[in-house]
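Novice: The lines below spell out each chain.
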Amino acid sequence: MPTGKWWGEHDGIDFPHVIMSQQFSREQLEVLFKLTTLLKGMLPKGMKVDWLRNYIISTLFYEPSTRTRFSFETAALRLGAGVISSENAAEFSSAIKGETLSDTIRIMSDKADLIVLRHKRNDAALEAAKVSGSSPIINGGSGTLQHPTQALLDVFTIQEHFGKVEGLKVAMVGDLKRGRTVMSLAYLLSKYKGVEITFVAPPIAQMTVDIKDHLDEYKVKWNEEEDFLKVAAKSDVVYMTRYQLERAESTEEKEQLKKAAESHIMNRTVANAMPENSIIMHPLPRVEEIRWSVDSNPRAKYFEQAKNGDYVRMALLLMILNQDKTQELISLPIKKAA
Amino acid sequence: MPTGKWWGEHDGIDFPHVIMSQQFSREQLEVLFKLTTLLKGMLPKGMKVDWLRNYIISTLFYEPSTRTRFSFETAALRLGAGVISSENAAEFSSAIKGETLSDTIRIMSDKADLIVLRHKRNDAALEAAKVSGSSPIINGGSGTLQHPTQALLDVFTIQEHFGKVEGLKVAMVGDLKRGRTVMSLAYLLSKYKGVEITFVAPPIAQMTVDIKDHLDEYKVKWNEEEDFLKVAAKSDVVYMTRYQLERAESTEEKEQLKKAAESHIMNRTVANAMPENSIIMHPLPRVEEIRWSVDSNPRAKYFEQAKNGDYVRMALLLMILNQDKTQELISLPIKKAA
Amino acid sequence: MPTGKWWGEHDGIDFPHVIMSQQFSREQLEVLFKLTTLLKGMLPKGMKVDWLRNYIISTLFYEPSTRTRFSFETAALRLGAGVISSENAAEFSSAIKGETLSDTIRIMSDKADLIVLRHKRNDAALEAAKVSGSSPIINGGSGTLQHPTQALLDVFTIQEHFGKVEGLKVAMVGDLKRGRTVMSLAYLLSKYKGVEITFVAPPIAQMTVDIKDHLDEYKVKWNEEEDFLKVAAKSDVVYMTRYQLERAESTEEKEQLKKAAESHIMNRTVANAMPENSIIMHPLPRVEEIRWSVDSNPRAKYFEQAKNGDYVRMALLLMILNQDKTQELISLPIKKAA
Chain S
21 MPTGKWWGEH DGIDFPHVIM SQQFSREQLE VLFKLTTLLK GMLPKGMKVD
71 WLRNYIISTL FYEPSTRTRF SFETAALRLG AGVISSENAA EFSSAIKGET
121 LSDTIRIMSD KADLIVLRHK RNDAALEAAK VSGSSPIING GSGTLQHPTQ
171 ALLDVFTIQE HFGKVEGLKV AMVGDLKRGR TVMSLAYLLS KYKGVEITFV
221 APPIAQMTVD IKDHLDEYKV KWNEEEDFLK VAAKSDVVYM TRYQLERAES
271 TEEKEQLKKA AESHIMNRTV ANAMPENSII MHPLPRVEEI RWSVDSNPRA
321 KYFEQAKNGD YVRMALLLMI LNQDKTQELI SLPIKKAA
Chain V
21 MPTGKWWGEH DGIDFPHVIM SQQFSREQLE VLFKLTTLLK GMLPKGMKVD
71 WLRNYIISTL FYEPSTRTRF SFETAALRLG AGVISSENAA EFSSAIKGET
121 LSDTIRIMSD KADLIVLRHK RNDAALEAAK VSGSSPIING GSGTLQHPTQ
171 ALLDVFTIQE HFGKVEGLKV AMVGDLKRGR TVMSLAYLLS KYKGVEITFV
221 APPIAQMTVD IKDHLDEYKV KWNEEEDFLK VAAKSDVVYM TRYQLERAES
271 TEEKEQLKKA AESHIMNRTV ANAMPENSII MHPLPRVEEI RWSVDSNPRA
321 KYFEQAKNGD YVRMALLLMI LNQDKTQELI SLPIKKAA
Chain B
21 MPTGKWWGEH DGIDFPHVIM SQQFSREQLE VLFKLTTLLK GMLPKGMKVD
71 WLRNYIISTL FYEPSTRTRF SFETAALRLG AGVISSENAA EFSSAIKGET
121 LSDTIRIMSD KADLIVLRHK RNDAALEAAK VSGSSPIING GSGTLQHPTQ
171 ALLDVFTIQE HFGKVEGLKV AMVGDLKRGR TVMSLAYLLS KYKGVEITFV
221 APPIAQMTVD IKDHLDEYKV KWNEEEDFLK VAAKSDVVYM TRYQLERAES
271 TEEKEQLKKA AESHIMNRTV ANAMPENSII MHPLPRVEEI RWSVDSNPRA
321 KYFEQAKNGD YVRMALLLMI LNQDKTQELI SLPIKKAA
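Note that the protein sequences, when read in sequence, are chains S, V and B. With this note's numbering applied, the first sequence has no gaps in its numbers, which climb one by one up to 358 at the end. With this note's numbering applied, the second sequence has no gaps in its numbers, which climb one by one up to 358 at the end. With this note's numbering applied, the third sequence has no gaps in its numbers, which climb one by one up to 358 at the end.
Hints are all accurate, no fakes.
Chain copies aren't distinguished; within one or between two, either way the pair holds.
Straight-line distance between alpha carbons at most 30 Å, and here's what the computed DSSO-like set of lysine-lysine pairs gives:
id, residue 1, residue 2
1, K279, K117
2, K140, K278
3, K117, K327
4, K68, K150
5, K117, K278
6, K254, K232
7, K345, K68
8, K232, K117
Calculated directly from the structure, the hints in this document are not laboratory data.
Here chain S stands alone, though its shape is the one from the complex (with noise of 0.2 Å):
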């Protein structure tokens, strides 16, 4: 396992590994943010490095995701590694045939430098992190909990627009308790002072209490709402997610959901409703919470939010397994993105 100056323990997860976002130091965040910066800049579609050159990144995709597996392809092929992949291992790999996930990436972490695994079961990142020797395990989503690098990249997004994260206030909209992505990003606002969360859902798909517990804990103050408009007339971060309806648990559900679906829509009216310097985010995909004809307003950063997500991988690929060159990196002076 690679050492570093910027790694360590932290609420019990040792980076290189990325398992939580909640894992991540404000130290740890400056470094990455600032890399990402200077790789956005350097990067661009077109461009690419050595610096991974050496290096074997396996994508294992126990759940089908060909956006966050081409996300972290990208960022391993712009820096020179190569890339070993499975879309959809739950059924083509030998979990078919009743082998531990810990068997599996024993045996993996012997090909690949660095995993990054995305999984249904929400221990997973952290049980294969345990067996992996010396490849670092990267979560690319895990149950229905965490998805670290999502995010990250949350974060990068508020913070490229804002200058800071501190002290803005921020709406999450939608299927909040079957959100891996709100609750990821939760964890990490956490770290940032007087950030004001408010919660907007109907009562079936509001966040979680562990989450409410985690806020309280660390003083951060959140709200629930019900009235849309008036919350995002007043919100920096309008952060809308889509309603999982195939995580419902019975059809009956499924039902409901649907048509909680249709109670907080972003629409132009909303849209135009909020603050000036405002932004819209999403995770993506999007279904029909944000209208199409949002989609030019400027205040939609969704498509720019993806983006992001290319570069804040690279960072982290950077950060963790060549950190030479990320040294030389972040004494460079930063020199912004077209």
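Assemble the complex: chain S is given as a structure, and chains V and B must be docked to it using the hints.
Specialist: Chains V and B in isolation, oriented as in the chain S frame:
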């Protein structure tokens, strides 16, 4: 979006997007085919160059096709590009969660420098081109109508063999109604003077009116025949196609197609009845419409044709992504492949 | 097709095709294993060379196997080759449209410089080798009988540990009837003098007559036993296998196999009864036939064995595709991996 001297709008499509076979001007085809011939001479198996080393090419296949995907990926790798690949995006991507193709392409186009898209819908590639920003789209097969790179490799194969396309007699045989390759080919052939096309198919599988109207408009002589042996005996090119049972709309239609499939078989008798310098083509995969015994006939060109596909795709990628190298190469004298 | 001094026909197969374990001569095995040892010393994780930089290797898997595919792809990437990959060719390729394997291979062999094929049919690799032209085929597992690279890595692991294979006592345990790995291994072991094999399995899963006849022909001593503990106590190698319930031909047989699976378990008691310098092997994946508590026993060799697979495959690829480098390397003195 890159721009180049051979590019521009034809039939409503701006090259470097490659959406439909008829979009190509004769000048573009000449550059492309000259480049293809050069690359075929310079890049046999076991050879690689780095002319696209800074680029990432995505193969985004909503309809699985190992052959076409491997052809594009081989082309990309031999030119030094990186590849991010989805074998089965219809099941493994956010499409399953209700995301629109436009949203997917907007996100993917921030990752890949060029996207090869294969999709069930006829208008998929065109829709993608509208939102893909600076990343060109290549249609790797869409719906029932278009498979432009197949048509390009078909015409290249004809020109490579005969030294010209003008004035040739081409027979298209089999399931013409469901075959997007013959449709794309017919569009492309209409650009060459004096080509005569004979459609040989049972009524249930005959060529569509759209194509016939197009040929009429471009003053291409065409006719329909049932007597395969008679047609074969006076054709320069016999282009066989597979009966696409999987595209049948009912069990009844499927049964009728199965029966029709037995009516026009390329066997040793038909092959030997063809003129000496004629060729037999097929987009592959074949089932039984060309007998194995024909493979050793000197007229059998279908495996060479498939191989040409790799080089046409290489030429297309190079022409789109590296114009300086393209310009340098097409100024060279042609050295034929061994 | 490349040719080389270590190649030639053995048992009807021309190396560099790798079709069945018994095709290898002792001289070929010695070159391969020396090369494997060298590469294991030279190419730990985080290291890459460019000795195959001009080549494209295709992993064409009709039976999904993330582990074996990743092993070949890791080997290819660490040596600098490009990879085109299909996780599930049975569903995603033209096989589903009725194309023959021969046609597929003829086409793929124009794209890839070497094809790794995994297939359900016993004769698939041999059939592929007949039509693949200048592209060598490596059998990545075919049907119920052969998995030659597994056998190679097994014998390499034995030789690495004991410094020799001759004269060792090997117990094969579990579902021997359905296990292609033990069959391939038995064939390969028959090339070494004085090896004694004991088959430990319930009648429903005992080794096939074919293999026993082969061993008789090559004068390899073998016998069948039921008392696992007694056999383990006097074996140098205990090779465990998984009961392949998914290959059962009826629900009844499946139930019988499930029951049989409980009869020969490698647990702490059995492991500790084994001789001091003995080893426990398993092709993996395991289910419950080796208890987790055995993993920390110094005799447990199965994860090292899996890791050796990556290096044996690297050695095979290099030996086939770059003989100059192979020759140069095997002239070097061996430096053991740490």
